[in-house]
Amino acid sequence: AQKVTQAQTEISVVEKEDVTLDCVYETRDTTYYLFWYKQPPSGELVFLIRRNSFDEQNEISGRYSWNFQKSTSSFNFTITASQVVDSAVYFCALSEAQSGSEKLVFGKGMKLTVNP
Amino acid sequence: DSGVTQTPKHLITATGQRVTLRCSPRSGDLSVYWYQQSLDQGLQFLIQYYNGEERAKGNILERFSAQQFPDLHSELNLSSLELGDSALYFCASSGGGSWGYEQYFGPGTRLTVT
Chain A
7 AQKVTQAQTE
17 ISVVEKEDVT
27 LDCVYETRDT
37 TYYLFWYKQP
47 PSGELVFLIR
57 RNSFDEQNEI
67 SGRYSWNFQK
77 STSSFNFTIT
87 ASQVVDSAVY
97 FCALSEAQSG
107 SEKLVFGKGM
117 KLTVNP
Chain B
1042 DSGVTQTPKH
1052 LITATGQRVT
1062 LRCSPRSGDL
1072 SVYWYQQSLD
1082 QGLQFLIQYY
1092 NGEERAKGNI
1102 LERFSAQQFP
1112 DLHSELNLSS
1122 LELGDSALYF
1132 CASSGGGSWG
1142 YEQYFGPGTR
1152 LTVT
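From first to last, the protein sequence lines are chains A and B.
Just so we're aligned, residue 7 is where the first sequence starts under this note's numbering, counting upward by one.
Just so we're aligned, residue 1042 is where the second sequence starts under this note's numbering, counting upward by one.
Source of the hints: derived by calculation from the structure; they are not laboratory data.
Be careful, since some hints might not be right.
Pair by pair, the computed Cβ-Cβ distance ranges are [as the list claims (entries may be wrong)]: (1) B/E1123 - A/T15: 24 to 32 Å; (2) A/V19 - B/G1136: 33 to 41 Å; (3) B/G1044 - A/Y70: 36 to 44 Å.
By construction, the Cβ of each residue, glycine as well, lies at the ideal position given by its N, Cα and C atoms.
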């Protein structure tokens, strides 16, 4: 069965600190996609990144970086030099090829508060 | 702006009533998904339509139904509403029905059942 675990429920940091959001997934499928979404206080869900199971290269986009490790079934997200605008709930999600659907299975989310 | 529109933004209704939530996908997207976000259940997949046909069902109650119309907009119908149905309902869309594409979410409809 597919499952996504975000063990941290809430983190509070001071602006300019680096913060890493953990995501651990479970799947029996060898072909899958992993995603991160951001939900700011306004409520919408914003797509951040997609990574397929065959591509373990880390990715960097500005202050955001992602570390995908199949050996530990983890897809962690780091924000460098955090800013107040990064305050949001962040969701990790999984989509399996064998599920017959492109549905996303989400973790419970992690609330990040960046204080000035 | 994701390009996915949802109406209404807020809905307040009483138990036992029926409501319809509407979603218009991004231009060109053939797949529409419905998700429910509640405090106790988190974000849960409800149902997916692809080009007018139901493609997958998730944790959708029998009191709930959906459809996708020829112009690709979708409606989620919730009936015999209960207090526990109060939640944020998201619609998302993705292109082509091919697996692995990112889904773009609408702003959501916040349903409050009193």
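Evaluate the given range 33 to 41 Å for the C-beta pair formed by A/V19 and B/G1136.
36 Å, holds
Given a hint of 24 to 32 Å, does the C-beta separation of B/E1123 and A/T15 actually sit inside it?
Distance hint for B/E1123, A/T15 holds at roughly 27 Å.
If you check the beta carbons of B/G1044 and A/Y70, does the distance land in 36 to 44 Å?
22 Å, violated
Violated hints amount to a single one, hint 3; each of the other numbered hints is respected by the structure.
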